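So the chains spell out like this:
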Amino acid sequence: MPGSESSRIGKWSEQEVLERIEAIRRRAPRLRDEAITTSHGAGGRATHTLIEALFRPAFGNPGGDAALAALDGRTLAVTTDSYVVSPLFFPGGDIGELAVNGTVNDLAVAGARPLYVTAGFILEEGLPVETLRRVVESMARAANRAEVQLVAGDTKVVPRGKADQLFVNTTGVGLVTDPGRLGASRVRPGDAVLVSGTVGDHGTAIMIARGDLELETDLVSDTAPLSELCAALLEAGEVHLMRDATRGGVATVLNELAVEAQVAVAIREESIPVRDEVRGAAEILGIDPMYMANEGKLVAVVAAADAGAALEAMRSHPLGREAAIIGEVRAEPPGMVFIHTAFGGSRVVDMLIGDPLPRIC
Amino acid sequence: MKFVDEFRNHDVALALARRIAREAAGRQWKIMEVCGGHTHAIYKYGIEDLLPPNVELVHGPGCPVCVIPMGRVDDGIAVARTPGVIFTCFGDMMRVPGSSGSLLDAKARGADVRMVYSPLDALKMAREHPDREVVFYAIGFETTAPSTALTLLRAAAEDVQNFSVFCNHVMIIPPIKAILDSPDLRLDGFLGPGHVSTVIGTRPYEFVARRYGKPVVVSGFEPLDILQSVHMLVRQVLEGRCEVENQYTRIVRTEGNPSALEAIRKVFKLRPHFEWRGLGFISLSALAIREEYARFDAELRFEVPGVRVADPKACQCGEVLKGVLKPWECKVFGTACTPETPIGTCMVSSEGACAAYYNFGRFSRAATRLQVLQ
Chain A
328 MPGSESSRIG
338 KWSEQEVLER
348 IEAIRRRAPR
358 LRDEAITTSH
368 GAGGRATHTL
378 IEALFRPAFG
388 NPGGDAALAA
398 LDGRTLAVTT
408 DSYVVSPLFF
418 PGGDIGELAV
428 NGTVNDLAVA
438 GARPLYVTAG
448 FILEEGLPVE
458 TLRRVVESMA
468 RAANRAEVQL
478 VAGDTKVVPR
488 GKADQLFVNT
498 TGVGLVTDPG
508 RLGASRVRPG
518 DAVLVSGTVG
528 DHGTAIMIAR
538 GDLELETDLV
548 SDTAPLSELC
558 AALLEAGEVH
568 LMRDATRGGV
578 ATVLNELAVE
588 AQVAVAIREE
598 SIPVRDEVRG
608 AAEILGIDPM
618 YMANEGKLVA
628 VVAAADAGAA
638 LEAMRSHPLG
648 REAAIIGEVR
658 AEPPGMVFIH
668 TAFGGSRVVD
678 MLIGDPLPRI
688 C
Chain B
169 MKFVDEFRNH
179 DVALALARRI
189 AREAAGRQWK
199 IMEVCGGHTH
209 AIYKYGIEDL
219 LPPNVELVHG
229 PGCPVCVIPM
239 GRVDDGIAVA
249 RTPGVIFTCF
259 GDMMRVPGSS
269 GSLLDAKARG
279 ADVRMVYSPL
289 DALKMAREHP
299 DREVVFYAIG
309 FETTAPSTAL
319 TLLRAAAEDV
329 QNFSVFCNHV
339 MIIPPIKAIL
349 DSPDLRLDGF
359 LGPGHVSTVI
369 GTRPYEFVAR
379 RYGKPVVVSG
389 FEPLDILQSV
399 HMLVRQVLEG
409 RCEVENQYTR
419 IVRTEGNPSA
429 LEAIRKVFKL
439 RPHFEWRGLG
449 FISLSALAIR
459 EEYARFDAEL
469 RFEVPGVRVA
479 DPKACQCGEV
489 LKGVLKPWEC
499 KVFGTACTPE
509 TPIGTCMVSS
519 EGACAAYYNF
529 GRFSRAATRL
539 QVLQ
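Going down the list, the sequences are from chains A and B.
Reading the first sequence from the start, the letters are residues 328 to 688 in my numbering.
Reading the second sequence from the start, the letters are residues 169 to 542 in my numbering.
Any given hint might turn out to be false.
[Said to hold, decoys possible] With the Cβ distance kept under 8 Å, some of the chain B side facing chain A (calculated, not the full set): (1) L182; (2) G214; (3) N527.
[Stated by the list, open to error] Under 7 Å between C-beta atoms, here's a sample of chain A residues computed to sit facing chain B: (4) V344; (5) I348; (6) A362; (7) G671; (8) D677.
[Claimed, not checked] A few chain A positions that, by computed beta-carbon distances, are all more than 12 Å from chain B: (9) A385; (10) N388; (11) A397; (12) L398; (13) D399; (14) E452; (15) L454; (16) T498; (17) G510; (18) A536; (19) A559; (20) S643.
Since the hints were derived computationally from the structure, they do not count as laboratory data.
Note that the structure is a prediction, hence the values are computed from the model and not measured.
All residues carry an ideal CB built from backbone N, CA and C; glycine is no exception.
All chains should be built: construct the whole structure from the sequences, respecting the hints.
Structural data, given as structure tokens:
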């Protein structure tokens, strides 16, 4: 707002207005909605509000991708996730593969070695058995690849029209060797921010698979188990935090991290790896790839001295070949994510608001 | 991605920014970008960081979602809640608050509201669901009116029985004139809307230069387009010229797009008056469906309240749309009114000045700008 830094409205200057807004944003969110909308499932601000204002006060649990539980001197990581993606089969994967990889990844980024995954199915009356067979076989293959065992399971069938074909819930259990190692409280100004590869592939692939856009590309979902990549990264140096950037994309993960660690994150736009197909689709739709879901990408915060080694470790793994250092952690202003645009300007990158694309995973 | 990258080149931007800083020095400049697409681009690329502090961009009224008044949202919701209706609209429109919730809330309560990318998608939906009534909630300036017109022409040709349009199409010239007639604002010139101009051409802006003595540069939407247009406007003033210039020559023709204009004329007629959010009633500023196509007019086909609903008292969208207030100067900006819980339309659409400022520009620019221009 050129020329307006010194202007005032009533008793407030622009700077004071901005500070007041940040103070309000730091308050615990209040749930004001009367009914659940798709935004509450989009992984962005509305989901965050639902968790902070409803689930967490009721259940009294801490945050993170997986919960850690100490048992007889060992630490277990536990996580659960439900999958409602539409269509069930999409370029590069299907709901079954997604359900295993998604849960494996939540464990892996918490620093755990994934061990067991359970599966609960909600099936719509009339679903072809062949469809279920394909999904189940895909889950078995995915479990094999991620070296986890599919253990307990459950099946429920609801009348036609009460669910859309097939929903899956998976719960994962893993073992954590060094429980104090990762966490928002470990993040320091000066740390480097890395992403393990191209962003927005999954969300864009799903959108194109639905056919609403009548676009044709070779783009496939990036769904993949990240456990090996996480282990390699942890070997490489002082990693402070890992997150898988699913719903809400990299932008939402960075915002969560900025808020939880009370730091600022500064990103350089030109260093974010984005495929041309994803940029093209995003350009047409006016969506930022930073908000598009990923199912095989992680964001890592690493001590500056080890950033090079961490990048090297990721790039040596097939799932991290296009990894990049995209920015750094700064002290001020806490809770905010900035991007320096390739054009030469700068702007805020906020959490995802609304829901650009329901039922992405 | 060569087709966009060359319009976002940092080195070219920096060279242009330095020229603007040099030539515009010594006085204050206030330039209004009429179009919400420009507002969005200005914040998205951080263009203000490249402008000197004495060149101020003022955001204008050209945001299709922002100008929809509450009463029209309520009408849309009433149609959406009619049994058997599939209600379609563009994504942004779903979050605009009416007097009791938005279309998204209506959807959560059971209305069948679906997002479409084009009115043709809605027509396709009508063909696929012959047992349902499919309604398209049309919004936008002359940019989107031709596609609604073509959809209606096609519906008529195919004699589709279960399709109708709730028409909220508006025109860009009346609000520009309203702003020029308003005593609140002193502007040095306008960045003309690029997309609207592909349809209407550059001639309709001539009166701005001739009668009101304000220069206009019709601008494209890439960041370099906008910087170059600012530079062209500054040059006009410094050289003592006052005319309508076209920066967006790769797309915009002087005479516009005659076949698109013909489609608009065929299907639509002028409304005697239409309410604009925050700006009040402006005569001859909007389009309605002609009698020949009345069977596709959702306003005639469905029971709607059709009443004017006053904006919430605290909402200052009108002042923001006219460029009189900057987004942060609104009383409820960022506190009661946020993109998540918007009170006014300017906070909803990605082209709205408040949403753009809140989402992208919510920090002090002074330090960054100095860093860039050094």
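Hint-by-hint comparison with the structure:
1. Restraint check, L182(B) versus chain A: the minimum CB separation of about 6 Å is within 8 Å; hint holds.
2. At a threshold of 8 Å, the smallest CB-CB gap from G214(B) to chain A is about 2 Å, leaving the interface hint in force.
3. Hint status for N527(B) relative to chain A: holds, with the closest Cβ pair at about 5 Å, below 8 Å.
4. Among the interface hints, the one on V344(A) holds; its C-beta lies about 5 Å from the nearest C-beta in chain B, closer than the 7 Å criterion.
5. A distance limit of 7 Å between C-beta atoms decides the matter here; for I348(A) the minimum to chain B is near 4 Å, and the interface restraint holds.
6. With 7 Å as the threshold, the beta carbon of A362(A) comes within range of chain B, its nearest partner Cβ sitting at about 4 Å, so the hint holds.
7. Satisfaction of the interface hint for G671(A) is found here, the shortest Cβ-Cβ separation to chain B being roughly 5 Å, below the 7 Å cut-off.
8. The interface hint given for D677(A) is met, as the beta carbon of that residue sits about 5 Å from the closest beta carbon of chain B, less than 7 Å.
9. Every Cβ of chain B is farther than 12 Å from the Cβ of A385(A); the closest lies at roughly 22 Å, confirming the non-interface assignment.
10. Under the 12 Å C-beta cut-off, the non-interface status given to N388(A) relative to chain B holds; the minimum distance is some 24 Å.
11. Distance check on A397(A): its Cβ is at least 37 Å (rounded) from any Cβ of chain B, clearing the 12 Å threshold; non-interface status holds.
12. The beta carbon of L398(A) sits about 39 Å from the closest Cβ of chain B, which is more than 12 Å, so the claim that it is off the interface holds.
13. Even its closest Cβ contact with chain B, about 44 Å, leaves D399(A) beyond 12 Å, as expected for a residue assigned away from the interface.
14. Every C-beta of chain B lies more than 12 Å from that of E452(A), the closest at about 22 Å, which supports listing it as non-interface.
15. A cut-off of 12 Å between C-beta atoms confirms that L454(A) is not in contact with chain B; the least separation is 22 Å.
16. For T498(A), the condition that its CB be more than 12 Å from all CB atoms of chain B holds, with the nearest at approximately 28 Å.
17. Distance check for G510(A) against chain B: the nearest CB is about 27 Å away, which clears 12 Å, and the non-interface claim stands.
18. Separation of A536(A) from chain B is adequate, the least Cβ-Cβ distance of about 16 Å exceeding the 12 Å criterion.
19. The Cβ of A559(A) sits about 31 Å from the closest Cβ of chain B, beyond the 12 Å cut-off, so the non-interface label holds.
20. Consistency note on S643(A): stated as away from chain B, and its beta-carbon is indeed over 12 Å from all of that chain's, at 28 Å minimum.
Going through the hint list in order, the structure satisfies each hint without exception.
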